Amino acid sequence: MRAHNSIAALICPTPLPAKDAVVLGHGSGGKLSAELIRDVFLRSLNNPVLNRLDDQAIVKIGGSRLAFTTDSFVVKPLFFPGGDIGSLAVHGTVNDLAMGGATPLFLSAAFIIEEGFSINQLRRVVDSMHGAAEAAGVEIVTGDTKVVEKGKGDELFVTTTGIGIVPEDLILSADRARPGDKVLLSGSIAEHGIAILAQREGLEFETAIQSDSAALNALVADMLLASREIRCMRDPTRGGVSSTLNEIAQQSSVGIELEETSIPVREEVRGACELLGLDPLYVANEGKLIAIVAPDAAEDVVRAMRRNPIGAAARIIGMVREDNPGTVTMRTPLGTTRIVDMLAGDQLPRIC
Amino acid sequence: MKYLDEYRDARIALSLAEDIAQSAVRPWVLMEICGGQTHTIMRYGIDELLPKGVELVHGPGCPVCVTPLETIDKAVALASRPEVILVSYGDMLRVPGSRSDLFGARAMGADVRVAYSPTEAVKIARSNPARKVVFLAIGFETTAPANAMAAWQARREDLNNFSMLVSHVLVPPAIRALMTSENNRVQGFIAPGHVCTVMGCRQYEELVRDFGVPIVVGGFEPVDLLAAILALVKQLEAGEAKLENQYVRSVSFQGNLPAQQIMAEVFEVGDQNWRGIGMIPRSGLHLREEYAAFDADRIFQLSELTVDEPTECISAQVLQGLCKPTDCPAFGLRCTPENPLGAPMVSTEGACAAYYRYRRYAPAREETECGPTIPSLR
Chain A
1 MRAHNSIAAL ICPTPLPAKD AVVLGHGSGG KLSAELIRDV FLRSLNNPVL
51 NRLDDQAIVK IGGSRLAFTT DSFVVKPLFF PGGDIGSLAV HGTVNDLAMG
101 GATPLFLSAA FIIEEGFSIN QLRRVVDSMH GAAEAAGVEI VTGDTKVVEK
151 GKGDELFVTT TGIGIVPEDL ILSADRARPG DKVLLSGSIA EHGIAILAQR
201 EGLEFETAIQ SDSAALNALV ADMLLASREI RCMRDPTRGG VSSTLNEIAQ
251 QSSVGIELEE TSIPVREEVR GACELLGLDP LYVANEGKLI AIVAPDAAED
301 VVRAMRRNPI GAAARIIGMV REDNPGTVTM RTPLGTTRIV DMLAGDQLPR
351 IC
Chain B
1 MKYLDEYRDA RIALSLAEDI AQSAVRPWVL MEICGGQTHT IMRYGIDELL
51 PKGVELVHGP GCPVCVTPLE TIDKAVALAS RPEVILVSYG DMLRVPGSRS
101 DLFGARAMGA DVRVAYSPTE AVKIARSNPA RKVVFLAIGF ETTAPANAMA
151 AWQARREDLN NFSMLVSHVL VPPAIRALMT SENNRVQGFI APGHVCTVMG
201 CRQYEELVRD FGVPIVVGGF EPVDLLAAIL ALVKQLEAGE AKLENQYVRS
251 VSFQGNLPAQ QIMAEVFEVG DQNWRGIGMI PRSGLHLREE YAAFDADRIF
301 QLSELTVDEP TECISAQVLQ GLCKPTDCPA FGLRCTPENP LGAPMVSTEG
351 ACAAYYRYRR YAPAREETEC GPTIPSLR
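So the protein sequences, as listed, match chains A and B. Taking my numbering, the leading residue of the first sequence gets 1, the next gets one more, and so forth. Taking my numbering, the leading residue of the second sequence gets 1, the next gets one more, and so forth.
Everything labelled a hint here was simulated from the structure, so no lab data went into it. Warning: the hint list may mix true and false statements.
What the hints assert, rightly or not - Short derived list, chain A residues pointing at chain B, Cβ under 8 Å:
| # | residue |
| --- | --- |
| 1 | Ala21 |
| 2 | Val23 |
| 3 | Gly25 |
| 4 | Glu115 |
| 5 | Ser118 |
| 6 | Asn120 |
| 7 | Arg123 |
| 8 | Val126 |
| 9 | Asp127 |
| 10 | Pro264 |
| 11 | Val265 |
| 12 | Thr336 |
| 13 | Arg338 |
Said to hold, decoys possible - DEER-style ranges, computed between Cβ atoms:
| # | chain 1 | residue 1 | chain 2 | residue 2 | range |
| --- | --- | --- | --- | --- | --- |
| 14 | B | Arg155 | A | Glu134 | 56 to 64 Å |
| 15 | A | Arg200 | B | Glu206 | 38 to 46 Å |
| 16 | B | Arg155 | A | Arg200 | 24 to 32 Å |
| 17 | A | Asn47 | B | Leu4 | 33 to 41 Å |
| 18 | A | Thr207 | B | Glu237 | 43 to 51 Å |
| 19 | B | Arg155 | A | Asn46 | 26 to 34 Å |
| 20 | A | Thr207 | B | Arg155 | 44 to 52 Å |
| 21 | A | Gly271 | B | Pro258 | 54 to 62 Å |
| 22 | B | Leu333 | A | Asn47 | 30 to 38 Å |
What the hints assert, rightly or not - With a straight-line cut-off of 30 Å between C-alpha atoms, the simulated BS3-like cross-links for lysine-lysine are:
| # | chain 1 | residue 1 | chain 2 | residue 2 |
| --- | --- | --- | --- | --- |
| 23 | A | Lys152 | B | Lys242 |
| 24 | A | Lys76 | A | Lys150 |
| 25 | B | Lys123 | A | Lys150 |
| 26 | B | Lys132 | A | Lys150 |
| 27 | B | Lys52 | B | Lys242 |
| 28 | B | Lys123 | B | Lys242 |
| 29 | A | Lys76 | A | Lys152 |
| 30 | B | Lys2 | B | Lys234 |
| 31 | B | Lys52 | A | Lys76 |
| 32 | A | Lys146 | A | Lys76 |
| 33 | B | Lys132 | A | Lys152 |
| 34 | B | Lys242 | A | Lys76 |
Keep in mind the model is a prediction, meaning the values are calculated, not measured. Using N, Cα and C, we set each Cβ at its ideal position, and we do this for glycine too.
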């Protein structure tokens, strides 16, 4: 034991060993995910389309530009307020296509089912997928099922893959943000993440918060009708608004400055975040989009968004700047500025 | 949101900042004790609103940061036993031990679960009679009552598969240690509002008396902190040293008596090792003899683990308010939240993590006596 005032002899913690196993943070959508993609996937699979790291690949086949994307869903619980794993799997893939400006057309669905899973529940999931697909105007045209032994999976995992058509002259990409552009957000944030968290085992926390899970393709179509001066669109899912904006700032080599007071968070979501010590900027959304839009077109696009019920609360939350490239900053209500960092892994609830 | 929005009101905050600028004639060094307060200061840029002479240094009040390395190593070792379910508050999982953190242990197959309340760990023990449930009971006086309640419940129910790995720390002995340290620069303290909600103000009155240092019990919102800073500056300029309570909406002089009672029933005060600071006499809470059956240290006969650590991390100086995180040559380079060298970079309440998260872009730097430089606060 050391005396408290012998500073020279104080303890200093050691570095962590190099990560040689996957940890949950690798799936958080934050910096660890980005490292995994870079060090494992891009290292081997590297090609110009993949290297863009957009939510969807855009490839030319014959005379058409096809958007192509895939996403796996492992949400717990399977059924949550505002949706379930089935509708979420449809919305997620439809949205990834829509963010590339594509009209989503066809989906595939693959199911990994744990032995013993209730057929009735599976039916509910598949019915919900059908409903979501119909509402979004897409068809699920192929699929696969695998059953794994009890204990070798967690009830049900769903993977959806989708294709859509992108207009010939439309290019939306995270590297196209330019200083002066406006940052648009389609509505209030953090609802999906908090709805899921409130349902999780061990958290005795009752709320009426519903997931915002929704298909965004109709909203995107309205926006593109209003203006083609949209540089990029992203749905801020895992990692939340902050991770998405950090990716855009980095890929476009620009700074992004947000106005804290302009970011809509519903009262009950804000309360839940306060209680749990979470920052809504890092909490997942499943029915919101961020668009970077040329300054002159921004107001038109916001107006178009507001006419669609899903974009009723759309607004400008910030702008793209030349300074601090690769960095997202935020003007606080006090007029000071702080960084909005990309988290390493998942947000951890604070101890007190 | 009631009780929050009015304490984040920009108009009130800026007018308090103006009052501070008017009141501060001489330079003063103030310390906020609690990591939650540090977080608010960084998040809202409170220090940017202060006049040049008023310097805030960040205290040791992040429970995650000061939990000794040995405790983390013991937790990892326990978690790695197949019969053990280790239950912990979320932000302990990423704190580096000497070989691994709890996330790493979990990735290697350990059963590590996150709880929001220690009584959840008791529930887990009840429903897993064949497993041994260990709760990593850390924190200041804020978490101590709930942790005590878990042990009390377990004892009442005669749960023989529940225990706690305890590393509890107390604020007043830490302030005492800081005040008697030969390097102390702190001239006034913002006492931690939530600790005082539990413990009341009496112990802080003793500190004011013993050291002639002004202490203001402060809250956690921008207006709370600016009001506490103003009160400290006014006292210092007037040559006064009193205890004031700015956080009256939560803190009473007596504190929460039932909470103090359950703490006293389950815990006793003892010497405690603080990560980054060292041993502070009578600054910890240990399970009483009557609760020996629930003390993981005694049940599992964990040997004292001692580890040599490299010297680059300056968390010791940071936790004592002697240096700013940005004085550290490793800050943001070899030490980041993904690869923390020290605990203050891990928890969101850690000073290093707060600087990393909110303040990395600050380009201008000025000389201090601590290390090479710190960033300009203006």
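Name the hints, by number, that the structure is in violation of. Going through the list in order, the structure violates hints 4, 5, 6, 7, 8, 9, 10, 11, 17, 19, 20, 21, 23, 28, 31 and 34 and respects the others.
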